[in-house]
Amino acid sequence: MKLGVCYYPEHWPKSRWQQDAQEMREIGLEYVRIGEFSWSTIEPEPGELHWEWLDEALDILHEHGLKVILGTPTATPPKWLVDRHPSMLAKDEQGRIRHFGSRRHYTFASLDYRDECRRMVTLMAERYGQHPAVVSWQTDNEYGCHDTVLSYAEADLMAFRLWLKDKYGTIDRLNTAWGNVFWSMDYRSFEEVDLPNLTVTEANPSHRLDFQRCCSDQVVAFNKLQVDILRQYSKGRDLVHNYMGFFTAFDHHKVGQDLDVASWDTYPLGFLDQEAIYSQEEKQTYLRVGHPDFGAFHHDLYRGCGKGRLWIMEQQPGPVNWAPHNPTPAEGAVRLWTWEAFSHGAELVSYFRWRQAPFGQEQMHAGLLRPDGQGAEAAKEAAQVAQEVCDLSQVLGLNAEELMVLPKSGNVALMFDYDACWSLDIQPQSRAYRYLSWCYRVYEALRELGLSVDIVSNQAALDTYPLLVLPAQAHISKDLQARLNSYQGVLLAGPRTGSKTATYQIPDNLAPGPLANLLPLTVERVDALPEHTKPSVFGLWGEGSLCYWHEQISTDLPCLLKDHTGQPVLVGCDKHFYLGSCIDKSLLKACLVKLSEKAGLSTEYLPTGVRIRERGPLLFAFNYGQHSAHYQPDDAQILIGSESLPPAGVAIWRRDLTDNQ
Amino acid sequence: MKLGVCYYPEHWPKSRWQQDAQEMREIGLEYVRIGEFSWSTIEPEPGELHWEWLDEALDILHEHGLKVILGTPTATPPKWLVDRHPSMLAKDEQGRIRHFGSRRHYTFASLDYRDECRRMVTLMAERYGQHPAVVSWQTDNEYGCHDTVLSYAEADLMAFRLWLKDKYGTIDRLNTAWGNVFWSMDYRSFEEVDLPNLTVTEANPSHRLDFQRCCSDQVVAFNKLQVDILRQYSKGRDLVHNYMGFFTAFDHHKVGQDLDVASWDTYPLGFLDQEAIYSQEEKQTYLRVGHPDFGAFHHDLYRGCGKGRLWIMEQQPGPVNWAPHNPTPAEGAVRLWTWEAFSHGAELVSYFRWRQAPFGQEQMHAGLLRPDGQGAEAAKEAAQVAQEVCDLSQVLGLNAEELMVLPKSGNVALMFDYDACWSLDIQPQSRAYRYLSWCYRVYEALRELGLSVDIVSNQAALDTYPLLVLPAQAHISKDLQARLNSYQGVLLAGPRTGSKTATYQIPDNLAPGPLANLLPLTVERVDALPEHTKPSVFGLWGEGSLCYWHEQISTDLPCLLKDHTGQPVLVGCDKHFYLGSCIDKSLLKACLVKLSEKAGLSTEYLPTGVRIRERGPLLFAFNYGQHSAHYQPDDAQILIGSESLPPAGVAIWRRDLTDNQ
Amino acid sequence: MKLGVCYYPEHWPKSRWQQDAQEMREIGLEYVRIGEFSWSTIEPEPGELHWEWLDEALDILHEHGLKVILGTPTATPPKWLVDRHPSMLAKDEQGRIRHFGSRRHYTFASLDYRDECRRMVTLMAERYGQHPAVVSWQTDNEYGCHDTVLSYAEADLMAFRLWLKDKYGTIDRLNTAWGNVFWSMDYRSFEEVDLPNLTVTEANPSHRLDFQRCCSDQVVAFNKLQVDILRQYSKGRDLVHNYMGFFTAFDHHKVGQDLDVASWDTYPLGFLDQEAIYSQEEKQTYLRVGHPDFGAFHHDLYRGCGKGRLWIMEQQPGPVNWAPHNPTPAEGAVRLWTWEAFSHGAELVSYFRWRQAPFGQEQMHAGLLRPDGQGAEAAKEAAQVAQEVCDLSQVLGLNAEELMVLPKSGNVALMFDYDACWSLDIQPQSRAYRYLSWCYRVYEALRELGLSVDIVSNQAALDTYPLLVLPAQAHISKDLQARLNSYQGVLLAGPRTGSKTATYQIPDNLAPGPLANLLPLTVERVDALPEHTKPSVFGLWGEGSLCYWHEQISTDLPCLLKDHTGQPVLVGCDKHFYLGSCIDKSLLKACLVKLSEKAGLSTEYLPTGVRIRERGPLLFAFNYGQHSAHYQPDDAQILIGSESLPPAGVAIWRRDLTDNQ
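Chains as they are written, first to last, in this note's numbering: chain A, 4 to 664; chain B, 4 to 664; chain C, 4 to 664.
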């Protein structure tokens, strides 16, 4: 594992740059991301290009042996550029232009802005594509941040009509696919189709879903435009983008297909505070360390978006500024987060940012250095990890590169599908239902049982996994259906699986639609419940309660759980199981234990707040709890820490004891 | 009582239509509503009229003996029509155009759209006005749904200025009526008057009230336009519109004057879930059956809007899709709702809809059939009711028509006034006060005492009622004043009665204004309280607490209840009583018992969740509770059910035992 | 102390005016404010001026010996004027025009509207500047009411660009001051700068702060324009404006510099109900009398904005209409509020309004008279106060003028700074933090200890105060720094003091910035906590908990309080102390007792709900509690009331007993 940092030389006097580079090395950092917000410094006036500062910065970093991830600056076009292309601005759902004054002031669908990006990225790639310091490029920054995927401007309307024409060919096909006859919503031509905002009441969900898909595809195309240029001028460099937490507005699997590595920006405290996914109790318990599954969930998700390769591009190093409340991390939390990323396969963990800026929107966002240039708390923890990586490397007799490529796959596959997410959230039926939350809670249950999970796309090869969970795979494509039919492991399909066709209709045979041959049952109707109504559930596999979503199922399959009226809740046999309701975590875990047994996987109930992860010969344990915890694996040799884990503690064991005996 | 269903042949292949019609008959349905969303199927291109499918659908229904309620399709103009008349689109209070993409994309005030409606309704009425299947016409669909009565577009402004000119004649009269001198808001001409939205702070309440009245009158005019055409071409058919629950944005009494029957769309679970009128406890208790007074309140209200004639045009048959949460109804709930409608005078109960659509906005809205064409739960309950109606008919020795016209009036009159609703809600003084809620709670109290209520307009004949309640009759017109003066029964006037003039001013003699001769008292000032402040009340008639609204009254009338400072709360003697505060339900019931005694009406405290209703010789009991309940009337012969009512249970007795002895 | 009333002769028939004037005198009122909403009566048509009614009204008032405060009517331009200058309308943050229909329909930056105001004020001042009844002018009415300081119209943009150009001279200086390099937000000219609304995400806080400052300066300029005219035509009259409660959108100290007296409009119940600053428990406890520190806080604040002179222009006399709930005041509350204003230095208390209007937006706003012209409750209490003032005057042997100019200063200075308020609220870091709340709670703590407080601006002379509190003085100007350096009293600086430069950057030496020489410490980082996280605090000076804001401080100063990890919370020695966290009231009071001791000030813990104030030889006690309370000062002679204070009770003692011995 390598460590890195995000650096903004343009924010500081040149006289400081040498010192910065030297101090980075002293801490043990090897990678530096720069440039992604610097368009106005590069091109302060239209066509007046100032590369000299960037030349110098790159040279200094290179001289100090630092490797550079160079960002294309397209997330922050300068004011003069925006003024030249007012049509590049996005419009929000209320029809208001989203003006210049912060960042991301563009809609992905703007062809004018794409031309400007093509020009700038080409200039940059030509100049630095072969620079020895540059080992990687980051395209833009945090696609979609500040809710910028969906835009309702003229450019978006044009793009949507083209996209629809391309997809459906004729307007009649679209009318049929959307069921427009429902409220006389039929169109006579693609030119009649509008965007689905500001309608009198809810627009047709098929309309909304296709708009979401189109907007996602605009992100893919926007990214691809940059990728194509960078591939041309800067062969051999890793292309990467930095994704965000709990963000589902575009299909990350599709964007990831065009890149070499997936990275993401991890802010465990900021997200704990701002996300509705967490209860108030969780927010209180994990105030200073984040939720135990926040990092892991995204590591496993984005590794799957990155063809197996994962970086952390921005790691929270202290209090941030953008959440409703911004507490300081617990002592040791930054180290914990860093090691956990490694345990889930990260090759690189890069802190955001080097030195806290004394100005601008994020002036209260901590860095490794304080605004006055002194080291902040996180600098010490980063240095500690750097040293520990060295030590570990020696103990294991592996060099850094060998360490980086240790195996990282899990043995349980959890399918996460952006299209399913959009589909199910468009009409949640119960306001309490949210696709992402449900997937997260299934993941949490698996992980509390000590299982190592891969979060996979609907395109993933499934055969290597003894256990496969489809939490809520709304639409089952023909391709997925075929792979599921041939899948030999244990399959659990959750509520709403197979409930929609590709164009958001109810399947002719009702849910689970194409899965009815594997799971011979029919979802007759749905009981979508308020937050506080939690009917009891019990049966062969345990007892507990259900919440939010409760399907009425007719089937001859054996019933493993049923509700208090005797309606089946969990059914199945052999290797195929269907869960028709969202159930509480404790009961879900009991069921996953049963399924794991069938799949030949061993499980264990971990202490509260403790999580483990295997990677190659290494076993990691992390304590997110507020109190010390004890965890002792069998047949393992302690390398770092001990079986007594303090709060924010980390322990690492070597498991291949047989080699050492 | 007849049963019916809402049917959309245009959503299904013609090959299915025969089967559909046959199955409807098998269930026992006799009426079918069709057509109301089919404009784009009738006229897919401007002027290209496709009647053939509708001809065929009507013929098939007719062949099966089904009677058709034909809807004018004006709630869903097609896209091409909207594009031709962009000015027909409404604007919301924030000034945003409400675009095409769902339904009801028009403002009632648009003269362009009225022309298009005139054209379409004329074409339809000419073609089907004499069709033997067509026994009734429904104008448009759910006027005002999706908050479409108030619109702030140019067409609305033009209509408002004309309306004001027509009402006031000169601008000086308007200025005086509104008290525009207050903040230099005087106008020099009607052309200076704007709509009361997007003002710096609250617009003049007189301005707002007149705008609400004007918008309500646009609905009346829009409906009248269709009525006039239908009367011309389709004599003898019942004209009807389908109203909604808890909807007060237009004056239903005025719209009802132009129609033959009032109908409404009853969704007990959807409204329980979404309405702020209900407490969280009520939402939980009545989750699967709806609030015990929801249906009855609207039956009694709309019967009064329909010249005594009531239909249920859409009856919820299973989970719906549009509430925040959408649970399944309890077993028996659909039957209970159907019988209760009959007990309150409904001639027809029509379920929405025949078959659940697999596409569009309402694809999760249950029907009598599932999307796959199989029968859903409600089909069985509908068939059961159909059979029970037959049986009852036989036992009573009445044919279906005789059953339909059994007496339906109550003996307590509760005045509900749309104008009062607008007036009092414009300035609630305490955010906790809401006219509709207060009326509903008074109705609930009456009904928990076993009383049969007629909800009457301010135009209603009052003399037949021994007890009359004015919950909050803001303005007392001269006409109403005269009728109250000659009224011989017991009168209870609630807080805010007589508190406003016709143009929303405080009466010269303060509240109760024109009622001061009947109720010699003065409302000196008002204590408008927060939700949780509930001062105690006690006196000759009981004890309890008050909430929200508390008037300081000066009077020489006997004081029956007073607050803890000794201020009078309920005063009156002989037949005239004034209640100056909103009081808790238990105390309210105690007072209503006293008033009923004075009125010669007998009352009884019904078991929790149980409601009764008399209709002609029949006495009905309904159990909305979660547990079995016992109810046994005197001198009555059980016809259906028993005195032990299970949850969602129904019992029917014959009371005219004297005839049978 | 004098009493007065707000009067609207234009709302009533002339035939009533004589009676009104006579009754005012009978109650004991001496001042009348009129005219401030009367533009449309004065000038119903452009250029057609109708002064005759105002001539007559002034004459009648004069004949009855009433003194008039004449309001310029610029808060309510007539419709014709607005239609002539549509660009004068404000736009809200969402970009929507704020239309005519209520009041304050203008943006302060509109040069067109300023021209119209210049014209009208000149006409009025020419006509009445020397009228014998006119003793004072009120400019406009409640600047900023209905959120009208910040506006986002074209006129505001033009004003902002000019203001920036004037401030920064060159665009490079602006870019540097704002740190625009941060996200490529650099501008090439002032013409490129937009308003900071409708940006994709948060605009640069420096940008937002400067916009707030600019808008505040527009208010100052708007007021100055009127002041200059009035000074020219009406020499010797007091110029005043009526400020509002809890309103910080413009710099009242700056506006106050141009006027002779500060006045404010005090509505203790309306503000209790609507303000988030108060807990639900406080709202319940003080429902009918207001929060014990509401009036006093504003009296002390605005006296400091008025060069030491304070009037109450509008005193709540009964229930109002504009809060979410509008209860009636407790018996005696109006008297209590009036006397308390006097105890804090008010020369005049004027009730709003004379007679409740039966029309318009405020028809439910009580007056001294009811709408029917009869006396309301407050009239009695006003008359009682008038009589008590007479009595007191006699007992003290002082005439009314001598009474008015009794000393009014406190001995603790609390610095309140509008610029600090804007700065800190722009980025609160924890949503729970609010500058005004924190200052209010510090004030409350001081007052619960019986201290008399002056709330002072950053320009105030500090030397006379033994104790000075800077609750959160974000930016320390060079001038303030110099005065603090020479200050000899005890200084307490609270969290966030010195944390920002003048252009909203973090100081080079971190917080407390320029105060680091007085308080040698560094704020290393900030722990911004959620509402319910309240870490414990303890140390030499007490124990309790902290909330919201917790700074990590490095210093060698003695530590008087620390958190549970040992981090310092309160540090200092000798006369300089720094509090790095918001702490609970009880602990705050314990610390203020210690600091008062050091300052030589005596403190006492007052009974709950009781507050005292000294003015000259007089000592006042007020009971805001729901129960009787006992308060007995040493060496004092009771003049009004007794040491047993009933709810809403007032007691007044003479303290200069030595003179009487």
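Treat the hints loosely; a few may be bogus.
List time: in silico PhoX-like cross-link candidates among lysine-lysine, alpha-carbon distance up to 20 angstroms [claimed, not checked]: (1) A:K578 to A:K592; (2) C:K597 to A:K286; (3) A:K578 to A:K537; (4) A:K257 to A:K227; (5) B:K94 to C:K94; (6) C:K286 to C:K310; (7) A:K94 to B:K286; (8) A:K70 to A:K94; (9) A:K238 to A:K286; (10) A:K310 to A:K286; (11) A:K537 to B:K286; (12) C:K565 to C:K597; (13) C:K597 to A:K94; (14) C:K286 to B:K537; (15) C:K481 to C:K170; (16) C:K257 to C:K170; (17) B:K238 to B:K310.
Rough simulated footprint, nothing fancy, chain B against chain C, three-plus residues with beta-carbon under 8 angstroms [stated by the list, open to error]: (18) 77-87; (19) 157-169.
Note that these hints are calculated values from the structure, not bench results.
Even glycine gets a Cβ: it sits at the ideal position worked out from N, Cα and C.
Here's how the hints hold up against the structure:
no.	hint	in the structure
1	A:K578 to A:K592	holds (18 angstroms)
2	C:K597 to A:K286	violated (37 angstroms)
3	A:K578 to A:K537	violated (29 angstroms)
4	A:K257 to A:K227	holds (10 angstroms)
5	B:K94 to C:K94	holds (18 angstroms)
6	C:K286 to C:K310	violated (33 angstroms)
7	A:K94 to B:K286	violated (39 angstroms)
8	A:K70 to A:K94	violated (38 angstroms)
9	A:K238 to A:K286	violated (45 angstroms)
10	A:K310 to A:K286	violated (33 angstroms)
11	A:K537 to B:K286	holds (14 angstroms)
12	C:K565 to C:K597	holds (16 angstroms)
13	C:K597 to A:K94	violated (57 angstroms)
14	C:K286 to B:K537	holds (14 angstroms)
15	C:K481 to C:K170	holds (18 angstroms)
16	C:K257 to C:K170	holds (17 angstroms)
17	B:K238 to B:K310	holds (18 angstroms)
18	77-87	holds (count 6)
19	157-169	violated (count 0)
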